[in-house]
Amino acid sequence: MTITQVIKIDDIRNFSIIAHIDHGKSTIADRILELTEAVSQREKREQILDNMDLEREKGITIKSKAVRLSYKGLNGRQYVFNLIDTPGHVDFSYEVSRSLAACEGALLVVDAAQGVQAQTISNVQMALENNLSIIPVINKIDLPTADPEKVSKEIKNIKGLENSPIFLASAKDGTGIREIMEAIIKHIPHPNGSLEKPLQALIFDSVYNSYQGSIVYTRIVNGFITPGMKIQTMSNKKNYEVSEVGVFTPKRKKVEQLSVGDVGYLTAGFKDISLTKVGDTITNNDNPAAKQLPGYKKVIPVVFCSFYPVENDDFHNLKYALEKLSLNDSAISYLPENSPALGFGFRCGFLGLLHMEIIQERLEREYKIQLIATTPSVLYRIHLKNKQVIEINNPSSLPEINLIDYIEEPFIELTMISPGQFLGGIMELLQDRRGIFKNLEYLDKNRAKLLYHLPLNEIMLDFYDRIKSISKGYASIDYHIMEYQTSPLIKVDLLVNQEVVDNLSFICHKDKAYERARKLVDNLKTVIPRQLFDVPIQASINHKIIARSTVKALKKNVLAKCYGGDITRKRKLLEKQKAGKKRMKRIGKVEIPQEAFMSVLKID
Amino acid sequence: MKFNKSIGLYVHIPFCFSKCPYCDFFSIVTDNKQLKKNYLSALRQEMEIYSQKNKDIEIISIYLGGGTPTTLEGIHLREILDSCYSNFHIKKGMEITVEGNPGTIYDEKIKMLLQAGVNRISLGAQSFNNRILKKIGRIHTKKDIIISYKLAREAGYKNINLDIMFGLPGQSKAEFEQTLDEVVLLKPEHISLYALSVEPGTPLEYLVKKGKMKLPSDDFSNELFLRAIDILGGYGYEHYEISNFALSEKKCFHNQIYWKNQSYLGIGAGASSYIDNKRYQNYRDLNEYVFLLEHGILPIEFQEVLSWKERMVETIILGLRMMEGLSKSDFLIKFNVPVEKIFFKPLQILIKQGLLEENETSYFLTTKGISLANNVFMEFID
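First to last, the protein sequences are chains A and B.
Residues in the first sequence are numbered consecutively from 1, following this note's numbering.
Residues in the second sequence are numbered consecutively from 1, following this note's numbering.
Looking at chain B on its own, in the form it has when it is part of the complex:
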């Protein structure tokens, strides 16, 4: 892999205290201390290989995601960050996020992270309704969310995200609005709002197929979603990406790298990278991942060179996820051709269908287009 630009750095921590039935992120539940130790060495080793090959990588953001990064000890998380700092050029004042789950964050740990340079905490709250939390297999309660949130705030974090889900089994409109009320009361700088989706191969898929769990209809979920945009907007949150809201200047820098289709390096088992028009994915199997790095081999399981057309399509469907939309000039600079020249027909169809709008600088989704984003994206695919 050759790097020529500034890139975002993602580090994957594939450990959880328990597995949520809907989650298809890669993680395992283990208390095998040796395995975790080996994994941490492997992470360090992977970063070293990259830095030896490319002396001038500049990192412009760091994101520790999972799994649940906070299942690791504070000291271990600090070690990971130290490896990042020692192997790469670091952009001053950049965003450094650590994901954590309520109930896994303690005073000492969260302070240690702050000292290690972390300046953004993302909490997987999901809901403030204990009955629903239990139903979707979360091990925390509303009280845990508030405690963890306050710990982070008191420790000095000025940028906190809460993950919230909607379209949950048995969730009423009133319950969802109540959760939103509790969220805005805490005044997090950032809110990620996801529809519960049934991913293939998850226990949730099994439960739904067997009729053991009933999910609300798409129409109802859509109602909740539109309601959330309304309520959060009223409290000053800018809806800046399909699933994300932020107070001014607190948009997630790291995630915008993805949506702007810029380069990032993923470290860890199952992590993905996008460098120089190539997508890479690491082995998910922890033993495989550790074994290869013990032998100094990059643990890449899969790579794909994107064609010119595929890059264009990805740039469009990622760009349209952002409410500011797909920048016409960015597209022109990137591909040396105006987007209308290649995608005239789909753009016109979508505008006619009322899913897309255009202004001088960009194309962007309408409210209807946000709910039907997949229909919009599909139009650009051959």
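Extracted from the complex, chain A is given alone in its bound form:
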């Protein structure tokens, strides 16, 4: 069998669009799709690539997609553009990096009014790490507040972009799109690689389909792939037979072969998505590549929290929903958990806070399950005195204090860009969150870039909202996880009527323990209904009480009259109250409505 390249490698351009949230990534993509006539007017919907409602709503792309476009250049040549859409949030930075690894270039979209933001910079860094050619595009030049000149300067100030030609565009009215298309041909190199070399196909995403299993998005780095070929996923050495290969235009279309430089999809009876890990390499079993492509990492959750259904009966629905969601998201981890206070639920792991929020919203919205989510936690590394090291993601699993040598927690490097006038407030907050100042530089007269190191744990609760309110929404944040560092951490336990409530225990810096304990104890006092006896609420560190409040015993409930006309209503009312009481959770002798936990768990 002789294999020929279907599309000449010189005519292929593989690129991504990278941008800060709301700078117009999806609209630019839409205009490009229109110009290449990949989408008919009938199919046209704003932001074609964002499929999920949540993506549209939050204005971010959660799952990446790849589209093959046909473009006739002004030079008369027919080109194939593969546009790879990337997730637009820090939680998914590994996925982004793998999508970028499938490209030779990237359009960097910057809002003409807002200018360079924290994510702009981290995106550029990631693109440069993947050796991409970057084409900066200043979008929204039609805005009355647009200042392309200023933004140009900001872009040129970014390391690595000093000499890049900058393009102006308005995706809204189509200005500048044609020029961008031509720049893609000119500035982004065509793929390299060899058709003759053994197959190396990079997995940069996959989606689950109940008929075909996992559908893998791939970039052919070397060689070619055809249906019927025996292949292997190199990270786990598992073997499969390719059943279908194809491309998205953006409609799914089967093709006979994907070859070097191509971007497309393949199916091979992968039973579930965990078998097709992002960053893994697929090779030909009969002629295997010597090495896996570089950059593969196992994705591990960094943020954890427990989900409990408000209605106990919903536990099985929750299990089903998590199973369903994880079919398409191998980054979620979940383990069943039992809490005396909240019943049966799951301890779940996520790539970050946004990832957690998205999953919670999907469970509530798509699966209609009312949830109680416990306070998010990071993964702590506990060094025991016996030299053993254990990792815990739930404060309640922390070993007894006398067994612990020291505790490490994950730190992050946080980049923030903000107008100068808010710096004071921002730095104060960061200080309060155990931030370590690293650098401050001014991008221009008004805007500064801040660099801090701080524990991941410190941005878990009420951080983004606080920054938003301090900076009136002008500050942008980006971070990446660094190494673990030793911190003086302690666990605070909460006791209701002398019994420890697992879900309320928390780990924090020793200097903050008292204040948080006080707040929590006071807050609990307001949500625990009065019982027939006094209920002490206590916070303790290593069995020593540090804060206390008391829910006083109930002395009187309604002493209402009751005559002929009141009886039916009275009974109905009691029945209703009883039903509410039955749904309550018991901690020892104390009855607490589950809802009470919701407000308590949100406490900062």
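Don't take each hint at face value.
What the hints assert, rightly or not - Chain A regions said to be covered by chain B (calculated; three or more residues, Cβ under 8 Å): (1) 278 to 284; (2) 463 to 471.
Unchecked claim - Here are a few chain B residues that sit away from chain A, every Cβ distance over 12 Å (derived from the structure): (3) Cys20; (4) Lys33; (5) Asp82; (6) Ser221; (7) Ile231.
Said to hold, decoys possible - Here are the computed distance ranges between Cβ atoms for each label pair: (8) A/Thr550 / B/Gly233: 30 to 36 Å; (9) B/Trp308 / A/Glu391: 54 to 60 Å; (10) A/Lys385 / B/Lys352: 26 to 32 Å; (11) A/Glu391 / B/Glu304: 58 to 64 Å.
Think of the hints as simulated: they come from the structure by calculation, not from any bench.
For every residue, glycine included, the Cβ atom is placed at its ideal position computed from N, Cα and C.
We have chain A already, so just place chain B on it with the hints.
Relative to chain A, chain B alone:
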């Protein structure tokens, strides 16, 4: 509806001179004479329908409640009573109560009622503190209470009830005790003592929610309540039901029918009946009520057949309202099964919690159980 026993008769008069912000009894403020006339005809008509269907109803008590029955002319009240007498068999010497508000009772009216057979007057006094009366929207004063009370006494009534409330906005302990002092000075045979409760849909609920009216805490109200039991007991009043006190032999006969879960017939808009294990409720809408009776149709809006279990639960929670408690033998006779057989667990829990006590004949609330009666009742509900 089929009747087989002696029953209490309740007649509802849904008219008031003004609406109190806390009240959720059904009543309207109107001076539409035609409407009142039509309503009186409808009451008569409703009684006639019942008497035609059931020739042998025996009435063992009559209670004219409201609203404010005394907003009607004396002659009209007499007409209502005459309808009762002419339509039903009447038990001799039975209790006949008319509710009235201070300031709506005049010499002539009260004498006319006495002649018409009324032997018990219930006065909505609520408080003897003018500031508090005004605050809770009452249109009478302390002076009106005393005048009305004395009129009734001088006219010859030997059984008078005063309704008193506690837990009122801005009410201090001293003020409440003073009201109780004034009450016992008048020596009414009967006192009904209610905690002000915020009922859904009332203007009071709105005021409280909006923070425009502040009510004393439950703990404080409970203190007042326990104090009242003490003081009234000292003057010889027997605390015989959660909210009711009486001098010897003057317990309200009619209301005990409710608490013993016996049968009663309610006549009038919004009135409830309990006959043969069925609860009925009439239309509240006055026009609907009048219209249906003009066409000879009983104005029943809602009825409910109680299950065996529901009847048991109601018997218990009503019975426990009385200080003598739930009679074990009455329960056994009514349901053919000892109460312990069905409700062993709740009874034991409540006894252990110190809310309930037991003797050879009955189960009854402890002092703590009285204040927390709802917790007790709820224990019996599935």
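Structure-based check of each hint:
A stretch counts as covered by a chain when three or more of its residues have a beta carbon under 8 Å from one of that chain; for the region 278 to 284 of chain A and chain B the count is 0, and the coverage is violated. Given a C-beta distance limit of less than 8 Å, the hint that chain B covers the region 463 to 471 of chain A is violated, as 0 residues qualify and 3 are needed. The Cβ of cysteine 20 of chain B sits about 14 Å from the closest Cβ of chain A, beyond the 12 Å cut-off, so the non-interface label holds. With a cut of 12 Å on Cβ distances, lysine 33 of chain B stays outside the contact zone with chain A, its closest approach being about 27 Å.
The claim that aspartate 82 of chain B is not at the interface with chain A holds, since no C-beta of that chain comes within 12 Å of its own (minimum 23 Å). Distance check on serine 221 of chain B: its Cβ comes as close as 6 Å (rounded) to a Cβ of chain A, failing to clear the 12 Å threshold; non-interface status is violated. Here isoleucine 231 of chain B stays apart from chain A, with its beta-carbon at least about 17 Å from theirs, past the 12 Å limit. The hint said 30 to 36 Å for the Cβ distance between threonine 550 of chain A and glycine 233 of chain B, and at roughly 32 Å that hint holds.
A C-beta distance of roughly 59 Å is found between tryptophan 308 of chain B and glutamate 391 of chain A, which places it inside the suggested range of 54 to 60 Å. In this structure, lysine 385 of chain A and lysine 352 of chain B break the distance hint of 26 to 32 Å, their C-beta atoms being roughly 47 Å apart. For the pair glutamate 391 of chain A and glutamate 304 of chain B, the supplied restraint of 58 to 64 Å holds, since their beta-carbon distance comes to about 60 Å.
Hint check: violations occur at hints 1, 2, 6 and 10; the rest are consistent with the structure.
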